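Visitor: Assemble the complex: chain Y is given as a structure, and chain U must be docked to it using the hints.
As you go down the protein sequences, you meet chains Y and U in turn. Going by numbering that gives the first Met the number 0, the letters in the first sequence line up with residues 0 to 216, in that order. Going by numbering that gives the first Met the number 0, the letters in the second sequence line up with residues 0 to 216, in that order.
Treat the hints as calculated values from the structure; they're not laboratory data. Since the structure is predicted, the reported quantities are computational estimates derived from the model, not experimental observations. Where hints are given, some of them may not hold.
[Stated by the list, open to error] Derived list of chain Y stretches under chain U, where covered just means 3 residues or more per stretch with a C-beta under 8 Å from a C-beta of chain U: (1) 58 to 72; (2) 90 to 97.
[As the list claims (entries may be wrong)] With the Cβ distance kept under 7 Å, some of the chain U side facing chain Y (calculated, not the full set): (3) K62; (4) E76; (5) R133.
Note that beta-carbon positions come from the ideal geometry of N, C-alpha and C, so glycine has one too.
Protein chains: 2
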Amino acid sequence: MEGDSVKLLGFWGSPAVLRVKWALAVKGIECQYVEEDLSNKSDMLLKYNPVHKKVPVLVHQGKPLAESLLILEYIDETWKQNPLLPHSPYERAQARFWSKFVDDKCMPTVVAAFSKVGEEQQKAAEEARENLKRLEVGLEGKQFFGGDNIGFADIAIGWLPYWIEIAEEVVAINLIDAGSMPKLNSWFHAFIDIPIIKELLPPRHKLLHHTKAFLQA
Amino acid sequence: MEGDSVKLLGFWGSPAVLRVKWALAVKGIECQYVEEDLSNKSDMLLKYNPVHKKVPVLVHQGKPLAESLLILEYIDETWKQNPLLPHSPYERAQARFWSKFVDDKCMPTVVAAFSKVGEEQQKAAEEARENLKRLEVGLEGKQFFGGDNIGFADIAIGWLPYWIEIAEEVVAINLIDAGSMPKLNSWFHAFIDIPIIKELLPPRHKLLHHTKAFLQA
Numbered sequence: 000m001e002g003d004s005v006k007l008l009g010f011w012g013s014p015a016v017l018r019v020k021w022a023l024a025v026k027g028i029e030c031q032y033v034e035e036d037l038s039n040k041s042d043m044l045l046k047y048n049p050v051h052k053k054v055p056v057l058v059h060q061g062k063p064l065a066e067s068l069l070i071l072e073y074i075d076e077t078w079k080q081n082p083l084l085p086h087s088p089y090e091r092a093q094a095r096f097w098s099k100f101v102d103d104k105c106m107p108t109v110v111a112a113f114s115k116v117g118e119e120q121q122k123a124a125e126e127a128r129e130n131l132k133r134l135e136v137g138l139e140g141k142q143f144f145g146g147d148n149i150g151f152a153d154i155a156i157g158w159l160p161y162w163i164e165i166a167e168e169v170v171a172i173n174l175i176d177a178g179s180m181p182k183l184n185s186w187f188h189a190f191i192d193i194p195i196i197k198e199l200l201p202p203r204h205k206l207l208h209h210t211k212a213f214l215q216a
Numbered sequence: 000m001e002g003d004s005v006k007l008l009g010f011w012g013s014p015a016v017l018r019v020k021w022a023l024a025v026k027g028i029e030c031q032y033v034e035e036d037l038s039n040k041s042d043m044l045l046k047y048n049p050v051h052k053k054v055p056v057l058v059h060q061g062k063p064l065a066e067s068l069l070i071l072e073y074i075d076e077t078w079k080q081n082p083l084l085p086h087s088p089y090e091r092a093q094a095r096f097w098s099k100f101v102d103d104k105c106m107p108t109v110v111a112a113f114s115k116v117g118e119e120q121q122k123a124a125e126e127a128r129e130n131l132k133r134l135e136v137g138l139e140g141k142q143f144f145g146g147d148n149i150g151f152a153d154i155a156i157g158w159l160p161y162w163i164e165i166a167e168e169v170v171a172i173n174l175i176d177a178g179s180m181p182k183l184n185s186w187f188h189a190f191i192d193i194p195i196i197k198e199l200l201p202p203r204h205k206l207l208h209h210t211k212a213f214l215q216a
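Looking at chain Y on its own, in the form it has when it is part of the complex (with noise of 0.2 Å):
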């Protein structure tokens, strides 16, 4: 029997992988990490996540689970020290709002920016630079979307700056205005400062080399 492990099987430049990382050390759970190799994917990974075929799968006491902002919740509602999410039904809805946000319409739009050519890469950049401001409206009047401290929100849209910023050292183009994002921008900067979250970080040269031959692919 598989007890109470935890196992994470990833990939070191996933932001959705690191979301788990993230999630797991603010709650003191140790797990083993399998790291995946993407363009020959294990057997255990296609088992554990037959549908999508994707990282992050978390297993835990053998039983796999997949979706990183799913993966998020179940680690909130498993492990309840230090909560992600807060109390109130409204502010629980606000930081899934503003993940979902990320993935489903930010996300898209900042990729875009940075692959297309022209027009279309001048289009997208507005875009994503429009959702980008939109997230200040998470962070009024709070440090962190958190709040005092930081939660689900800020796990799940950690990586996002973090990744803008290599990806602006590919493609010269830029998103992330400190002067007209000033809230995002301070966020940031005191989100990745936290030891925590700092020392799970992908190195920056590899992930920039990594980022180029994402962008160039």
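Guide: Just chain U, lined up with the frame of chain Y:
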């Protein structure tokens, strides 16, 4: 002040709005329903959902909530009677997984199967059937996704076979095959046979007309 008032901004033909109506009905919560003209959205809708400008929006105690699956979570957390999500974190993750799967993966292929033509249509139909078959896993050993009673995933997914049956009348293509999807098929009929579910379904002839316009747009 708005007290404990519950208002729902909706559109009669929207599957996402239907989810919210069903969830409120299961909880026994009355709401003031406001029908939106989607070709001329109200100031209230634009004010309450500035990010997506979409229905449904649930307004509770003056505070707006968007995104149907997140509204279901809110409803379940706010009104505890007749829980939509099960108790166990693992089963909660499963319910959320199948609901998200329908929105992210199943629905785009189903719409493509009904709106593309020729070879593209055949390919999309094949994918749509595979995705629909996947849902059978969520019904393994159970009458409903929620077990003996309907729950979160039933409410999230229940409109899909209803709409597919109607779209199959508009476009001569068959996606739900009772032979290869027996669990999905019997679940669907058991689900829409529940009185509070059935009575909120949009009238078939009206939805047929609307679907024709949607698919031929």
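Visitor: Could you run down the list of hints and mark each one as holding or not?
Guide: Here is how each hint holds up against the structure:
Counting residues of the segment 58 to 72 of chain Y whose CB lies closer than 8 Å to any CB of chain U gives 8, so the stated coverage by that chain holds, three being the minimum. Interface restraint, the segment 90 to 97 of chain Y with chain U: holds (4 residues with C-beta to C-beta distance below 8 Å; minimum three). Given hint, K62 of chain U at the interface with chain Y, holds; its Cβ is 5 Å from that chain's nearest Cβ, closer than 7 Å. Restraint check, E76 of chain U versus chain Y: the minimum CB separation of about 4 Å is within 7 Å; hint holds.
Checking R133 of chain U against chain Y: minimum C-beta separation of about 6 Å stays under 7 Å; hint holds.
The earlier numbered hints are all upheld by this structure, with none contradicted.
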